[in-house]
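Chain G is already provided as a structure; the job is to place chain A on it using the hints.
Protein chains: 2
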Amino acid sequence: PGWQLADAGNRLTRTWKFGNFAKALAFVNKVGELAEEEGHHPDVTFGWGYATVEIWTHKIGGLHENDFILAAKSTPPTAS
Amino acid sequence: PGWQLADAGNRLTRTWKFGNFAKALAFVNKVGELAEEEGHHPDVTFGWGYATVEIWTHKIGGLHENDFILAAKSTPPTAS
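Chains as they are written, first to last, in my numbering: chain G, 1 to 80; chain A, 81 to 160.
One thing to keep in mind: the hints can contain errors.
[What the hints assert, rightly or not] Derived DSS-like pairs (lysine-lysine); straight-line CA-CA distance at most 27 Å: (1) Lys153/A / Lys139/A; (2) Lys17/G / Lys103/A; (3) Lys59/G / Lys103/A; (4) Lys73/G / Lys17/G; (5) Lys73/G / Lys103/A; (6) Lys97/A / Lys23/G; (7) Lys73/G / Lys153/A; (8) Lys30/G / Lys97/A; (9) Lys30/G / Lys153/A; (10) Lys23/G / Lys110/A; (11) Lys139/A / Lys59/G; (12) Lys30/G / Lys110/A; (13) Lys139/A / Lys23/G; (14) Lys103/A / Lys139/A; (15) Lys73/G / Lys139/A; (16) Lys59/G / Lys153/A; (17) Lys103/A / Lys23/G; (18) Lys23/G / Lys59/G; (19) Lys97/A / Lys59/G; (20) Lys153/A / Lys23/G; (21) Lys97/A / Lys153/A.
Everything labelled a hint here was simulated from the structure, so no lab data went into it.
Extracted from the complex, chain G is given alone in its bound form (with noise of 0.2 Å):
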């Protein structure tokens, strides 16, 4: 599945699943790139196999242009 609404629409929330932990914390590191790039850092959680990536803007406790912007970017080519 790709990006999905959370907490009544003030979240984008998507997992990837990898094969290991290691597959799994380097995609982490690649969306933590991305993050310092954009400026914008999203709420990571992960572990063996997976990741799931959490967006929003703290400041409004919802959804701005950025957070759209930085989950189109979050689809390292590596990913499963």
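For chain A alone, coordinates are given in the frame of chain G:
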């Protein structure tokens, strides 16, 4: 605060604070290295200024000796 029990005593959890996103991600990578060395993997949530590590043994749905070993080691020198 140090490690705390969560989920009715079935998980160990601890949160660290950082000055920005990059420092949180750097800490997460150190925890990831330790996890690979131990062959035991936590669930990690992080974002701008924080990282939360949850440790438990999925196979038994609770805590095992290995969880406490990983927790004891998951305090890299760079942690705030």
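Do the hints match the structure? See the list:
{"no.": "1", "hint": "Lys153/A / Lys139/A", "in the structure": "holds, 21 Å"}
{"no.": "2", "hint": "Lys17/G / Lys103/A", "in the structure": "holds, 25 Å"}
{"no.": "3", "hint": "Lys59/G / Lys103/A", "in the structure": "holds, 21 Å"}
{"no.": "4", "hint": "Lys73/G / Lys17/G", "in the structure": "holds, 18 Å"}
{"no.": "5", "hint": "Lys73/G / Lys103/A", "in the structure": "holds, 22 Å"}
{"no.": "6", "hint": "Lys97/A / Lys23/G", "in the structure": "holds, 25 Å"}
{"no.": "7", "hint": "Lys73/G / Lys153/A", "in the structure": "violated, 35 Å"}
{"no.": "8", "hint": "Lys30/G / Lys97/A", "in the structure": "holds, 22 Å"}
{"no.": "9", "hint": "Lys30/G / Lys153/A", "in the structure": "holds, 26 Å"}
{"no.": "10", "hint": "Lys23/G / Lys110/A", "in the structure": "holds, 15 Å"}
{"no.": "11", "hint": "Lys139/A / Lys59/G", "in the structure": "violated, 39 Å"}
{"no.": "12", "hint": "Lys30/G / Lys110/A", "in the structure": "holds, 16 Å"}
{"no.": "13", "hint": "Lys139/A / Lys23/G", "in the structure": "holds, 21 Å"}
{"no.": "14", "hint": "Lys103/A / Lys139/A", "in the structure": "violated, 32 Å"}
{"no.": "15", "hint": "Lys73/G / Lys139/A", "in the structure": "violated, 35 Å"}
{"no.": "16", "hint": "Lys59/G / Lys153/A", "in the structure": "violated, 35 Å"}
{"no.": "17", "hint": "Lys103/A / Lys23/G", "in the structure": "holds, 21 Å"}
{"no.": "18", "hint": "Lys23/G / Lys59/G", "in the structure": "violated, 32 Å"}
{"no.": "19", "hint": "Lys97/A / Lys59/G", "in the structure": "holds, 19 Å"}
{"no.": "20", "hint": "Lys153/A / Lys23/G", "in the structure": "holds, 22 Å"}
{"no.": "21", "hint": "Lys97/A / Lys153/A", "in the structure": "holds, 18 Å"}
In this structure, the hints that do not hold are numbers 7, 11, 14, 15, 16 and 18, in rising order.
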